[in-house]
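Enquirer: Residue numbers (this note's numbering), protein chains in the order written: chain A, 545 to 672; chain B, 48 to 382.
Any given hint might turn out to be false.
Take a look, some chain A residues computed to stay more than 12 Å from chain B by CB distance [claimed, not checked]: (1) Q620; (2) R656; (3) A659.
Partner residues aside, some chain A positions facing chain B, computed with beta carbon under 10 Å [said to hold, decoys possible]: (4) K596; (5) V607; (6) L611; (7) Q667.
Derived from the structure by calculation, the hints contain no laboratory data. For every residue, glycine included, the Cβ atom is placed at its ideal position computed from N, Cα and C.
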Amino acid sequence: MNAPDRYEAILLAPGESKIDVEVDTRLPSAAIFTFRKEDHTLGNMLRHRLLKTAHVIFAAYRVPHPLTPEFQLRIQTDGEVTPRQAVINASEALIKDLGILSREFTKEFELRKAANAANQQQQQSTAE
Amino acid sequence: MDYEMDLEPTGPQVTVREAEPYRVDFRLTAVDLSFANSLRRVILAEVPTLALDIIEIESNTSVLPDEFLAHRLGMIPLNSYNCDQDLDYTRDCDCEDHCVRCSVTLSLHARCSSGIMSVYARDLVVVGERINDKIGDPVTTDPENKGSLICKLRKGQEIKMTCLAKKGTAKEHAKWAPTAAVGFEYDPNNNLRHVDYWYEQDPVKEWPISENAAWEPAANPDQPFDYDAEPNCFYFDVESIGNLEPDMIIQQGIVALQRKLATTVSVLLGEGEDGHGGGADDAEMMGANDPDAYEPPEGIDGNMTAYGNGAASAWGASAQTPYGATPYGQSSYGF
Chain A
545 MNAPDRYEAI LLAPGESKID VEVDTRLPSA AIFTFRKEDH TLGNMLRHRL LKTAHVIFAA
605 YRVPHPLTPE FQLRIQTDGE VTPRQAVINA SEALIKDLGI LSREFTKEFE LRKAANAANQ
665 QQQQSTAE
Chain B
48 MDYEMDLEPT GPQVTVREAE PYRVDFRLTA VDLSFANSLR RVILAEVPTL ALDIIEIESN
108 TSVLPDEFLA HRLGMIPLNS YNCDQDLDYT RDCDCEDHCV RCSVTLSLHA RCSSGIMSVY
168 ARDLVVVGER INDKIGDPVT TDPENKGSLI CKLRKGQEIK MTCLAKKGTA KEHAKWAPTA
228 AVGFEYDPNN NLRHVDYWYE QDPVKEWPIS ENAAWEPAAN PDQPFDYDAE PNCFYFDVES
288 IGNLEPDMII QQGIVALQRK LATTVSVLLG EGEDGHGGGA DDAEMMGAND PDAYEPPEGI
348 DGNMTAYGNG AASAWGASAQ TPYGATPYGQ SSYGF
């Protein structure tokens with residue numbers, strides 16, 4: 545009845561921006577990024593990688609309310625890179641890692657399938 | 048202090064322990080908890096599949112009401128082969144209502160002439176054209192290839208309906224889920240003490256040991272506790288429903304994550320160029336429909352094309368990739 549449409553959790557509303565960057569003026573080189581229609585899947589992954597990235601002093605995320613599909617990511621850097629650039633670097637590093645994961649998985653999966661097939665053949669030949 | 052590159056010199060490592068037609072069990076190492084958890088979350092909720100979405104009922108004289116039948120039909124797993132590449136979301140498609148590029152039409156017609164008749168998922172037949180020759184077939188995993196039971200009819204009862212299958216993700220409705228379950232475990236010996244076991248006398252005696260405990264050593268009880276230790280080894284057990292092959296589910300999940308990150312990069316880069324926000328064209332700024340919006344950085348090959356040009360898909364391409372010849376062969380990731 546008054547339930548929001550389910551696609552509202554996935555699709556950006558007309559005119560809504562995916563990411564808003566708000567500069568945090570209380571501290572040098574700090575910013576708060578608001579990601580719309582995203583959740584812990586992206587938030588936690590980015591946060592963790594940012595903490596391991598050079599020049600990032602602080603990185604944390606929060607989901608202000610579980611019913612609103614957005615999260616806020618707050619970053620402070622040491623001034624060598626902008627917070628925006630830090631997020632870009634972290635994302636690119638993650639994309640790279642996912643690429644490696646994809647390749648590794650394909651390789652290992654094919655190996656396992658080949659091993660299974662060989663096992664089956666062996667079993668068949670011993671049964672005969 | 049440029050430790051960005053040597054942080055994980057080899058990147059994620061995978062050991063596939065079991066590969067069955069509907070299941071894959073693997074161990075993921077050299078990643079952090081958030082990375083593994085994001086992979087788990089994305090394959091549960093954001094891998095696109097095909098499911099019946101709109102049911103047009105022509106005749107229903109069975110004992111089940113129309114809504115009841117429509118709900119049951121929605122839950123039937125349909126073959127989603129190459130769904131991500133071949134099929135568009137209906138909302139993104141250029142067509143008026145629906146077309147071959149964004150939907151599959153199935154028809155169900157059953158009439159009972161005597162006794163009791165069971166209507167099964169295999170009675171759903173694809174009508175008209177479809178984008179590839181597998182997509183939309185009902186999944187049948189039982190020995191007789193019947194599929195799930197839709198309803199039972201008594202003599203003279205009839206159901207006749209046209210069903211429209213669309214692409215979607217489990218985030219929108221659970222009927223689009225590709226997995227029945229995703230097993231996820233780390234640190235089976237509880238070396239990191241993330242778990243505080245409840246017990247009566249002795250937790251070691253009262254709690255069963257996980258099978259995965261054989262894959263890594265237990266901490267020496269005489270050693271002091273390592274407060275800085277982080278989990279880096281994860282055990283996945285992905286169980287497919289049958290609409291996508293288990294390895295496809297993982298690959299699609301990876302692509303979905305890469306797309307999210309690539310969108311982030313392209314939005315942030317796009318904003319940087321024209322001041323703040325821009326807002327002139329949100330759709331273009333998103334880069335979602337624009338293959339040129341984001342140039343992948345050096346060292347990334349076919350995997351990135353998944354959202355760029357669909358032809359060279361992440362899984363399709365990497366299956367044939369000679370590992371030595373990729374950019375990784377020369378880069379710091381050296382295989």
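Enquirer: Hints first: check each against the structure and report whether it holds.
Expert: To see whether the hints hold, each was checked on the structure:
1. Q620: With a cut-off of 12 Å, A/Q620 remains clear of chain B, as the shortest Cβ separation is near 17 Å.
2. R656: violated, 4 Å
3. A659: violated, 9 Å
4. K596: Because about 6 Å separates A/K596 from the closest Cβ in chain B, which is inside the 10 Å limit, the hint holds.
5. V607: violated, 13 Å
6. L611: Given a least distance of 14 Å, the restraint on A/L611 is violated.
7. Q667: With a closest approach of 16 Å, the A/Q667 hint is violated.
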